[in-house]
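*Asks:* The hints should help you fit chain B onto chain A, whose structure is shown.
Chains as they are written, first to last, in our numbering: chain A, 1 to 249; chain B, 1 to 180.
Just so you know, not all the hints are guaranteed correct.
[Unchecked claim] Facing chain A, a subset of chain B residues (Cβ under 7 Å, in silico):
hint: 1; residue: M1
hint: 2; residue: E4
hint: 3; residue: L6
hint: 4; residue: Y22
hint: 5; residue: V84
hint: 6; residue: V159
[What the hints assert, rightly or not] Beta-carbon label-pair distances, calculated as ranges:
hint: 7; chain 1: B; residue 1: S49; chain 2: A; residue 2: T83; range: 38 to 44 Å
hint: 8; chain 1: B; residue 1: I60; chain 2: A; residue 2: R64; range: 36 to 42 Å
hint: 9; chain 1: A; residue 1: L67; chain 2: B; residue 2: R73; range: 34 to 40 Å
hint: 10; chain 1: A; residue 1: E114; chain 2: B; residue 2: T160; range: 29 to 35 Å
hint: 11; chain 1: A; residue 1: L113; chain 2: B; residue 2: F39; range: 34 to 40 Å
Simulated from the structure, these hints should not be mistaken for laboratory data. Quick reminder that beta carbons are idealized off the backbone N, C-alpha and C, glycines included.
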Amino acid sequence: MTRVRRRAQPWLGTLVSIDLVVEQDSFDSDRAFARAFAAIARVHESMSAQRPASDVARFNAACRGALVTCDPWTVRVLRIASTLRAASAGLFDVTLGTGAIYRIVDPRSVLKLEGKGRLELGGIAKGYAVDRAVAALRAAGVRRGLVNAGGDLRAFGKGAWPVALRGAAGGFALERGSIATSQYLQGRSPHHDDALIAPAAAAVHRTDRTITVAAPRCALADAMTKVVALTDDTRHPLLVQIGGQAWLR
Amino acid sequence: MRVEVLPIILGALPVSAWAVDYLSASEAEALMFPQADEFASANLRLDSSQMQEIGKRAGIPARSEKWGVRIARRADAPIGYVVVDNVIGKFELITYAVSVGIDGAIRQIEILSYRESHGGEIRLPAWRKQFLGKTSAGPLRVGDDIANISGATLSCTHVTDGVRRIVAVLQVAREGGLLS
Chain A
1 MTRVRRRAQP WLGTLVSIDL VVEQDSFDSD RAFARAFAAI ARVHESMSAQ RPASDVARFN
61 AACRGALVTC DPWTVRVLRI ASTLRAASAG LFDVTLGTGA IYRIVDPRSV LKLEGKGRLE
121 LGGIAKGYAV DRAVAALRAA GVRRGLVNAG GDLRAFGKGA WPVALRGAAG GFALERGSIA
181 TSQYLQGRSP HHDDALIAPA AAAVHRTDRT ITVAAPRCAL ADAMTKVVAL TDDTRHPLLV
241 QIGGQAWLR
Chain B
1 MRVEVLPIIL GALPVSAWAV DYLSASEAEA LMFPQADEFA SANLRLDSSQ MQEIGKRAGI
61 PARSEKWGVR IARRADAPIG YVVVDNVIGK FELITYAVSV GIDGAIRQIE ILSYRESHGG
121 EIRLPAWRKQ FLGKTSAGPL RVGDDIANIS GATLSCTHVT DGVRRIVAVL QVAREGGLLS
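So that you can see chain A by itself, here it is in the shape it has in the complex:
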């Protein structure tokens, strides 16, 4: 019989919930949950700036010219971030505005180019963690499910999922894709909770607003909320390029 099994744990500073659709009662969902949460934990441990032993914290503490050994997943996220930064003319930036501060040397190490350079992966790591959890669930034999890390979520498998928007009466029906939402409050620059540094040209918005982005992968949906927030452009070329859609409220 088809049924949903769900589990939630606190990670990445928020609640991560996982829903699995199970077709056979004998399916070992505990094992699937354990693998998915292990993937989330791995992202948390390597990319949280608050954890002194994380890749990000060690990079930030390192001096110029240091070779920082990283989890391959961190290097992967930095690669995605570099691509997005170039493609968005610097609007998406994980370096807190400190510029070209890293060079990827190999899949396990990053060279620090600038002593004062700082990384903050808060604007993409949650989405990446969701993507990794989905991959882990699939590898464990799950055909359909949904992973939600504090509002950045991804559905996989056949069938639509209802996704509500906090603070709104409407919502979305989502199949095989991701949705991420960022909220910006009046008078604050759009990066107050994501540590995204806006280029000088970007406006500080004077109204409360919510940006929702749908994209095939959650890391991209997560990252693109910042680009849309800074440009007010729900048809930003980069968004179109990645096959995404955006809504501003």
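*Replies:* Here is chain B on its own, set in the frame of chain A:
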């Protein structure tokens, strides 16, 4: 990817609260200590100096002098502890369980239930009806149990604070011989 916007229904009535249950306390303890052959309950009662010590170690007040602890045992020897606790956030009430090994280290944290306490945040019933009308979810009636919410990130600071407090409670209780 397929994403369909479900428009706002005017005049939808807000619901006052909604909840998701993930695990029961007994399911959580079995999951956390699968090797245990028995669980026993201990009702701790802390004195004021113990409460102070907990506040000092956790960096937040001990909150309560009474704590219920489940002791996981295997072959009559304790192998760890499970404590169930509630925390109240800005919008939510979260019940969670934390398991701590005999070495005092946190093993696992599981959310047991999540309740949204503020009304009007999500106008669920009308929205749900609309979803069910628009899609064919198959035999799975996902619309009956909506937990998929995109929006402002919920902080789990209260949970992490609560976990720190529980670790201190267990430490102090063990040192005081309350958990032998």
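*Asks:* Does each hint hold? Answer for all of them.
*Replies:* A quick look at each hint next to the structure:
no. : hint                           : verdict
1   : M1                             : holds, 3 Å
2   : E4                             : holds, 4 Å
3   : L6                             : holds, 5 Å
4   : Y22                            : holds, 5 Å
5   : V84                            : violated, 15 Å
6   : V159                           : holds, 5 Å
7   : S49(B) to T83(A): 38 to 44 Å   : violated, 58 Å
8   : I60(B) to R64(A): 36 to 42 Å   : holds, 39 Å
9   : L67(A) to R73(B): 34 to 40 Å   : violated, 49 Å
10  : E114(A) to T160(B): 29 to 35 Å : holds, 32 Å
11  : L113(A) to F39(B): 34 to 40 Å  : violated, 54 Å
Violated hints, listed in ascending order, are 5, 7, 9, 11; each of the other numbered hints is respected by the structure.
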